[in-house]
Structure formats: C-alpha cells, structure tokens
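Protein chains: 2
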Amino acid sequence: MDIKEKAKLSKESSLTLSTASSEIKNEVLKNLIKELQNNEDEIIKANKFDIERSEKEKLPKPLIKRLKFDHEKICGVVDGINSLIELPDPVGKTLAATELDQGLELYKISCPIGVVGVIFESRPDALVQISTLCLKSGNGVLLKGGSEAKETNKILTTIIMNATKKAGLPSGWVQLIETREDVNEMLKMDEYINLLIPRGSNAFVKYIMENSNIPVLGHADGVCHSYIHDDADINRALNILIDAKTQYPAACNATETVLVHSNIAKEFLPLLKEKFNKMNVELYGCEKTRKIIDVTPVEGEDWHKEYLDYKLSIKVVEGLDEAINHINTFGSGHTEAIIATDKKAIQKFMDLVDASNVFSNCSTRFSDGFRYGFGAEVGISTSKIHARGPVGLEGLLIYKYKLFGNGDIVEDYASRKKIFTHKKIER
Amino acid sequence: MDIKEKAKLSKESSLTLSTASSEIKNEVLKNLIKELQNNEDEIIKANKFDIERSEKEKLPKPLIKRLKFDHEKICGVVDGINSLIELPDPVGKTLAATELDQGLELYKISCPIGVVGVIFESRPDALVQISTLCLKSGNGVLLKGGSEAKETNKILTTIIMNATKKAGLPSGWVQLIETREDVNEMLKMDEYINLLIPRGSNAFVKYIMENSNIPVLGHADGVCHSYIHDDADINRALNILIDAKTQYPAACNATETVLVHSNIAKEFLPLLKEKFNKMNVELYGCEKTRKIIDVTPVEGEDWHKEYLDYKLSIKVVEGLDEAINHINTFGSGHTEAIIATDKKAIQKFMDLVDASNVFSNCSTRFSDGFRYGFGAEVGISTSKIHARGPVGLEGLLIYKYKLFGNGDIVEDYASRKKIFTHKKIER
Chain U
0 MDIKEKAKLS KESSLTLSTA SSEIKNEVLK NLIKELQNNE DEIIKANKFD
50 IERSEKEKLP KPLIKRLKFD HEKICGVVDG INSLIELPDP VGKTLAATEL
100 DQGLELYKIS CPIGVVGVIF ESRPDALVQI STLCLKSGNG VLLKGGSEAK
150 ETNKILTTII MNATKKAGLP SGWVQLIETR EDVNEMLKMD EYINLLIPRG
200 SNAFVKYIME NSNIPVLGHA DGVCHSYIHD DADINRALNI LIDAKTQYPA
250 ACNATETVLV HSNIAKEFLP LLKEKFNKMN VELYGCEKTR KIIDVTPVEG
300 EDWHKEYLDY KLSIKVVEGL DEAINHINTF GSGHTEAIIA TDKKAIQKFM
350 DLVDASNVFS NCSTRFSDGF RYGFGAEVGI STSKIHARGP VGLEGLLIYK
400 YKLFGNGDIV EDYASRKKIF THKKIER
Chain G
0 MDIKEKAKLS KESSLTLSTA SSEIKNEVLK NLIKELQNNE DEIIKANKFD
50 IERSEKEKLP KPLIKRLKFD HEKICGVVDG INSLIELPDP VGKTLAATEL
100 DQGLELYKIS CPIGVVGVIF ESRPDALVQI STLCLKSGNG VLLKGGSEAK
150 ETNKILTTII MNATKKAGLP SGWVQLIETR EDVNEMLKMD EYINLLIPRG
200 SNAFVKYIME NSNIPVLGHA DGVCHSYIHD DADINRALNI LIDAKTQYPA
250 ACNATETVLV HSNIAKEFLP LLKEKFNKMN VELYGCEKTR KIIDVTPVEG
300 EDWHKEYLDY KLSIKVVEGL DEAINHINTF GSGHTEAIIA TDKKAIQKFM
350 DLVDASNVFS NCSTRFSDGF RYGFGAEVGI STSKIHARGP VGLEGLLIYK
400 YKLFGNGDIV EDYASRKKIF THKKIER
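As you go down the protein sequences, you meet chains U and G in turn. So in numbering that gives the first Met the number 0, spot 423 of the first sequence is number 422, and the numbers just go up one at a time. So in numbering that gives the first Met the number 0, spot 87 of the second sequence is number 86, and the numbers just go up one at a time.
The shape of chain U in the complex, shown without the other chains (with noise of 0.2 Å):
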C-alpha cells in the first residue's frame, strides 16, 4: 500500500472507529495486552536488530538508550495502557442541550477529529502510547516513527493490528509509515488527515507548521524563563532555579533564561554562580549582569536561544514590567515562572505572560501531562487555539451539533409564526 492508501484506509476505519462503544474499545485494548506480554521475545529480538544496526551504524548513544524497548519499558507500556481502560470513554458526551422550540432538541456531543498523523521520536514506547490514545478517542492514526527503530515498530504496529481484529473491528485505523519521502507526501493529505502533531527537534517541528496546512499540536521552541522579582527568598529561588536547569537540560521545559530584579542583582548574582559553576552550568549574562558576575555576554538574538545544555543566560532587569515584556518578545509561550512574595506581582505576571503554562514559585520543569495527573499525554502546546499546555486525551477530540426536529422548518420562525424558547434542557 502506498501512504494514500493507507491514509483512505485509516480514515475509513475511523468512521467505524467513531462509533465503536467503550467495552469494544477497552477490549482491544486488553487484547493488546495480552499481545505485548505473549509477544515479548519477539519484540525484544525486532529491538536488538535494531538497536545492533544502530550501533553500526554508530548512532549517539543517547538515542541508542531511548530506543530500547525491553522487559522494563514493555511493563511500563502496559501500566499506561492499563491506566488507559480504567479512563471515562471521552467519546459521545452531551456538552450542551437547549430545546430550540417545542420538539426541536440540539445537542452538542463530543467526538473524535478523525485521523490524526504523529511523526515521534526514536521511542518506540510513544508508539503504542499514542495509538491507544488515539484508539481511545475513536480516531484513526498514521504513524511515522524514527526510522533506527523500523523493526520494534512494525512488530508493534502488529500487535496493535491483531489486537483491534481480535475484537471484531476494523484493524485499519492504525497506519505505519516507513520513510521520510512518506512524511513530505503526508504534509499535503488534508483530505484525509485531520491533525498532525510532530514530536521531535525545534527545527523539525517548524518545518511540518511552515509546509502544512493541516492544523499542528505541537512545540517547536520551549525558550521557558524563571523571574525572580525582589521581594523572593532568595534560597528558595536558588533551588527551584537549580531543579528548572539541570535535573533534565535537553527538556522542552527547562529553563533556559532567568531574569533578576536589579534590586537584588548584587546580592543573587554571586550566590546564583557558585551554584551553578558547582553543577558545570555556562552562565551568559547582559551588560549588566556582567558588572556583577564575570560571565560570557549575551548578543541580541540569543535571547531567543534554546540551549536544552547545561548553559543558562541571565538577564538584570528593572522590574516586574520589564520581566513580563522580555518573555512577551523572546519566550515561545511554553512555560514561564515567577519567583515572589507579593501576590499582586504574582497575579500580574501570570495574566500578562502569555504562555500555555505560567507558574509561581516552582519550577518551570513541572510543566508536564503525567505531572499535571492527565495520565498520558499527546504532547505539549503552544499553540493559541483548540489545545494549549500538556495535551491529553483531550486534544483529541472535537464535537458535533445533532439537531432532532418533527418537521421543522425556519420558514416559520423567520415569518414570526412560531418563536424559539432556547431553554437549556436539564441533565
């Protein structure tokens, strides 16, 4: 099959997909289970193969890490998708009834987007992850994993296959997709593909938002910034600057840029450089900040830098104002955190930020679906409409107007013979 092919199947799978109740939906997912646990030598072997030609092929080993999928990372799998089942089926739920008029009854009900295409990362775990939620939701998927994980993932795609045919559906909602001539022809299939959420590099995502026009969930940057306004307690804002940093630098939610109230830039500066030069963290500082500091200066657009390393600008700024207009211009509306006493400060700065995530007096790391207790997540947003933040099942999901009527017809409200009550029917 080629990937129109697949795209058409995957979309008319959907449409029995859509309609398939919780029990039958939670069945496969059982199934799936099962299939995992029945099929562990096999899909250990499909990894080896992979992991052995990557090795070859001598990929960094931070990738060759994330790409493995043994005992451990299959108990996880089936955790999550244990978690899954236990989950509210978020399809067909009346959002909103009103009676139009006697015997003209509208109601808005949840359902899925349709087929959603995912291009992720090496992981092979984000596959089975993401077709369950996806299956969940009642929409059909498109899959294009990272190609160093080829074998696990075709196993996989499998199993995920038999599992759904087990259960009496149509087992061609869930798509895998090979190469990345595949990816270029998937940017143009609006026809058939509702949403695309790439998970990758910031380049890679900006690349599939700019040739696309297919809506995108996703984050491309996460230039997140830590304030600390003058009135903090200076130990406390040292420690969660310390968690925002480095307990995982290459995170989209790491804080890349601290910004400090000039009223305690002498007294914070040094303390915050002994802290970090302990932890091997480059500081980078303004002109001001270099007066205070002996650190490597900053240049214009490096504002806008992700360094996802152990490299952190600094930034003295006069205030409150000065602080929230700097993460207005430079941020990437991911994730922005104040760290402060006086609760008017606090307020401002998170209704003035305009981010997907604004945090006081934590760090910027928190800022995460497992974290935020959704159970599982699509990705992170930064977009403006539909879905922001963490994304869950949710995101998943649009709904529809049903309208039930007896004959209806607007003829007679426009000739004022009949006139709508628009009571809100109770649930």
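Errors might be hidden in some of the hints.
Identical copies go unnamed one by one, so any copy, or any two together, can satisfy a pair.
[Stated by the list, open to error] The list that follows gives simulated cross-link-like pairs (lysine-lysine, DSSO-like), each with its CA atoms no further than 27 Å apart:
1) 416 <-> 164
2) 287 <-> 274
3) 107 <-> 347
4) 287 <-> 72
5) 187 <-> 205
6) 423 <-> 92
7) 343 <-> 33
8) 417 <-> 277
9) 342 <-> 107
10) 416 <-> 304
11) 423 <-> 342
Bear in mind the hints are in silico, worked out from the structure with no lab data behind them. This one's a predicted model, so the numbers in the text were calculated from it and none came from an experiment.
With chain U fixed as given, assemble chain G onto it according to the hints.
Relative to chain U, chain G alone:
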C-alpha cells in the same frame, strides 16, 4: 500607520484588554451604544456617501442593499450590544482545578486568543458585531471590510475607539485595514495575529486557508444534503425540502443535493418535481432519477457543486449506507439532514455522517448561531479542531494553565521523595 504597526499596537493593547474587568468592558459597550445614537446623523451621512459612490460604480443591487446602514440597522446593532452586555464574561473562568500535591495547585483558566484578523463582507453591521464580540472576549481585532463600505467602516471604527478611550482603556485593540494588499500582508503576520476569520465567497476563503500559516476559522463550501429514507413521511419530507432549498438559497446552509431512497423514488420524485417546478427551482439528477422524472443530468464533479441558487441536484441511493457514503465523499462537513422515522437509521446517520451539524427531520437552514441560541456568532466553522459549527464567543477563547507553588521542585518527585496527590479541587 502601516499594517505591521497596526497589528503590533493591537497586540499590545489586547494584553491590557485581556485582564480588563467585566465592568470596564461593559462600560465600553454602553459608551458605544451612546456614541452610535449620538452620532447617528454622521454615520448615515458617511453611509450615504458609500452608497452613492457604489451606485455610480454600478455595483450589483443586492450588494448595495447589504451596504445600507440606516436608523433601523443602528437599532439592530444596539440591540445586539445590549444582549452582549447581558452575557456572562467568558474570560477568567476556572475550567479545571487540581491539587498536584499539598500547596501545589494547578488551575486551567479561560483566556482570550490574542489578536483576531477578520475579513468580512460589505455589511457594516458585521464590523460592530465582530468588534464587540472581540472586546467582550478580551481580544484585539484587525478588521478588513468591503471597500465599498469604506466611509461607514471608518466612522464606526472611530466611534468604537472613542467608546474605549472614554472607559479608560487603550483604544488600539481595534484597527481598520483598508486595502487588498494589506490582506496579503495580514496572512503573513503570524507573529501578531492568532486567528483569521474570513467571511465571504468560497474561493476567497479557500485562498486565505491556502495562503496563511495562521489558523483559520470558517468554512469555504456549504454543500449540504438532505437524505429521504424509505420510511419518511412524504409530505413532511417535501415541506422540509422546500424550506431547505428555497427559504434563502444564497445561504451556506441551504440544501444543494437531495438523496432519495430507491424504494420510494417512484412515488417521491414526481411529487418533488411538481412542488419545485412551482418554486422555479431547476432540477438536476442522476441516471436513476432521470428514468423517473425529466431533469438535467448531473455530471461526476457536479456533486461537489454549491449552487447558492434556485437549483437542486437529486440522486437515488440504494439505502442509508450509500447516502452516508455519498455525503462523506461529496459533502463539505457543514450541515447534513436525514428525514426518516426509524430511530436506528436516524442514529446511524447522525453518528456516521462526518459534519459539523447533523440534523433529523428538520431543515438544514436551522444551522445558525442565532437559531441555536448563541446570541451572536463570528461565523460557521467546518474545521475539525478548536470550534465547529456556528461559533459564538467561545471560539475566541483558549485557556492557560496557572500553577501555584511554594518552592516546589521536580527532583523531589523524580527521586520519589514526594508523591503527587492529583486531587480534584472542589469549587
């Protein structure tokens, strides 16, 4: 000011607007009512100038009719503003609240999208309606109206700005754009504009969708179908069809194609022809239709056609499945209706037809924000994300996550020193 400066100013002002209280936003709306009433003579004078110029330029009469902005129209606009004042403020609502751990609280709060770019037809009342919806939802707006309404749009924008200033808010949130070149500039300004709402012809909306990376809310085609099942009450079906086609044929929710079950085609089609001939509706049909009644043949691609006129296509289908399949292939995801008695058939149709609005036993013409009881609408969306169907205030809103901590760091949870509680906060 050039368009970039206007967009930048609207974005800056929209930040202040996003935190403005309900009281102050309603004060602007009340000021606006006064300003419209106090400046009625000036407005009508400007509008007469537009109408005279348009008449000289020999613009089509329906266009000149829509352009007219007289005492009655001003009263209608004032009524609309009064209803908007009554609506609850949609900004700052808590949509969800979770305790992640003791003293670490997450709130999902509704907020404005930012700046909306609206390109609308010649009706000057649309300018006031859209701007006031943006104001109430805390969004900035760039308005591009029809050039034939130039003078009317200018004075209305000035009046809105004055009403804003008198309430002590920055007036820059609303900006008028005047040239077609500016529209092309607008499409590139994803840095400042967060959502585009194009209202106008099919080709125009498609052009916008294909030439901008900014998300678009709206619809291009409205190829709506009414399917007559074999157990339908014939008279009721004919009555609904006449309304769906002729009550206002130029509307996007008018029925363009009727699908008739083959079991009743021989009885139904001659009656349909008789009724529609009386209304001067031209009929087109498939081969099976043409064996029963004498109508013009429909060619393959014609099933995609949006007539917006006294024209109707007819197709005989073998049953529900073929009807659903035809609609999912040729429909535009706008509004689709079934006329039937069997509840199972109705349910299947409404579940499987992939459209924003699915109706049973009523006219497709009901698909409209006012008829749905939304009070006001920005347009009808056929998108699969964000907002679907008639869109009121809620389509101009998104949310942000606010996390309030007390020095919390992620490392405490990664190291299992602490465990998330993820308790719902009762409100």
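*Have a look at residue 423 and residue 92 and pick one of within, between, both or neither, based on CA distance no larger than 27 Å.*
both (16 Å within a copy, 20 Å between copies)
_Within, between, both or neither, where residue 107 and residue 347 count as close if Cα-Cα is 27 Å or less_ = between (35 Å within a copy, 17 Å between copies)
_residue 342 and residue 107: within-copy, between-copy, both or neither at 27 Å Cα_ = between (39 Å within a copy, 19 Å between copies)
_For residue 187 and residue 205, with the copy left unspecified, which applies at a CA distance of at most 27 Å: within, between, both, or neither?_
both (16 Å within a copy, 15 Å between copies)
*Are the CA atoms of residue 416 and residue 164 at most 27 Å apart within a copy, between copies, both, or neither?*
neither (54 Å within a copy, 43 Å between copies)
*Give the relationship of residue 416 and residue 304 under a CA distance limit of 27 Å: within one copy only, between copies only, both, or neither.*
So residue 416 and residue 304 fail the 27 Å test inside a copy (64 Å) and across (33 Å) alike.
*Could you figure out if residue 417 and residue 277 sit no more than 27 Å apart (CA to CA) within one copy, between two copies, both or neither?*
between (77 Å within a copy, 25 Å between copies)
*Is it within, between, both, or neither for residue 287 and residue 274, if the alpha carbons may be no more than 27 Å apart?*
within (20 Å within a copy, 82 Å between copies)
*Is it within a copy, between copies, both, or neither that the alpha carbon of residue 423 lies no farther than 27 Å from that of residue 342?*
For residue 423 and residue 342, only the inter-copy Cα distance (23 Å) is at most 27 Å; the intra-copy one is 39 Å.
*Given identical chains, is residue 287 near residue 72, meaning Cα to Cα at most 27 Å, within a copy, between copies, both, or neither?*
Neither. Shortest intra-copy (48 Å) and inter-copy (59 Å) distances fail the 27 Å Cα cut-off.
*Between the shortest in-copy and the shortest cross-copy C-alpha distance, which are at most 27 Å for residue 343 and residue 33: within, between, both, or neither?*
Answer is neither: 54 Å inside a copy and 35 Å across each miss the 27 Å cutoff.
The structure is inconsistent with the numbered hints 1, 4, 7 and 10, although it conforms to all the rest.
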